[in-house]
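There are 2 protein chains.
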Amino acid sequence: MGATKTEHFTEKQNFIATLAKALGHPARIAIMEYLMKVDTCICGDIVNELPLAQPTISQHLKELKNAGLIKGSVEGNAICYCIDEKTIQKLQDYFSKISEGIKKKTNCC
Amino acid sequence: MGATKTEHFTEKQNFIATLAKALGHPARIAIMEYLMKVDTCICGDIVNELPLAQPTISQHLKELKNAGLIKGSVEGNAICYCIDEKTIQKLQDYFSKISEGIKKKTNCC
DNA sequence: AAACAATATCGTAATATTGCAATATTAAAT
DNA sequence: ATTTAATATTGCAATATTACGATATTGTTT
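Protein sequence lines, in the order shown, are assigned to chains A and B.
Residue numbers for the first sequence follow the numbering used here, so the first one is 1 and each next one is one higher.
Residue numbers for the second sequence follow the numbering used here, so the first one is 1 and each next one is one higher.
Read the hints as simulated data drawn from the structure, not as lab findings.
On a predicted model such as this, the values are computed, not experimentally measured, just so you know.
Honestly, I wouldn't trust all of these hints.
What the hints assert, rightly or not - Mimicking BS3-like on lysine-lysine, the simulated pairs with C-alpha atoms at most 30 angstroms apart in a straight line are:
(1) B/K21 <-> A/K12
(2) A/K103 <-> B/K97
(3) B/K21 <-> A/K86
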């Protein structure tokens, strides 16, 4: 035991959980916020911005990329990362739907 | 090492990350969706609904409750859980803001 | 009070995550 | 071709998560 039983859940549930999990670390939230703040997509700057070592940042970027939350494109020897708005839109839609769904119910607690 | 360096990030960043982390498991997404689906708050039913043992469900409920995503109130010997809409609202607001923020930018990748 | 029902907690094995030093890779600049 | 710069990968120690059997707790029913 110890591993998540993804096979028991729907594809959508696993998808949303994957996105949430990727955002479930303050460093990755900070990276997303930084990427949102700067107009131009910057990469190495994140290492200067956050108090974490370069390999750690690289690892966090990889996780965000695997989840589909950011995109990376090669620009010379540097790599330009930016937020993938399509994925963020999906997350926002999901929470909007949940938020709407709850409002209609009578609160029981 | 191995522990998250929460002290390096803002309170808001840690807060959002905590919420996202709590939702970062398909079982907990399934629990939230079930709680949303049923009008009345039910608890033991979740154990019947999901293919996980009772202690595992109990543990997941505890995490959702600690994060503030659900509330629980005692009803006799049973406990009635339901979604805390205030917290969901905060999450939705956060992603709305991010979503808005991105739309204004010229995509660089 | 004893039995029952619902839920929580404890203990523990299996696995995953976090963080970083050391090192590798890749492309530009000299 | 060598050096430099930017990023990725490897390896590993510390810690956290996941899942569940066994057991405890709490309130209800008989």
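Each hint tested on the structure:
no.: 1; hint: B/K21 <-> A/K12; in the structure: holds, 17 angstroms
no.: 2; hint: A/K103 <-> B/K97; in the structure: holds, 20 angstroms
no.: 3; hint: B/K21 <-> A/K86; in the structure: holds, 21 angstroms
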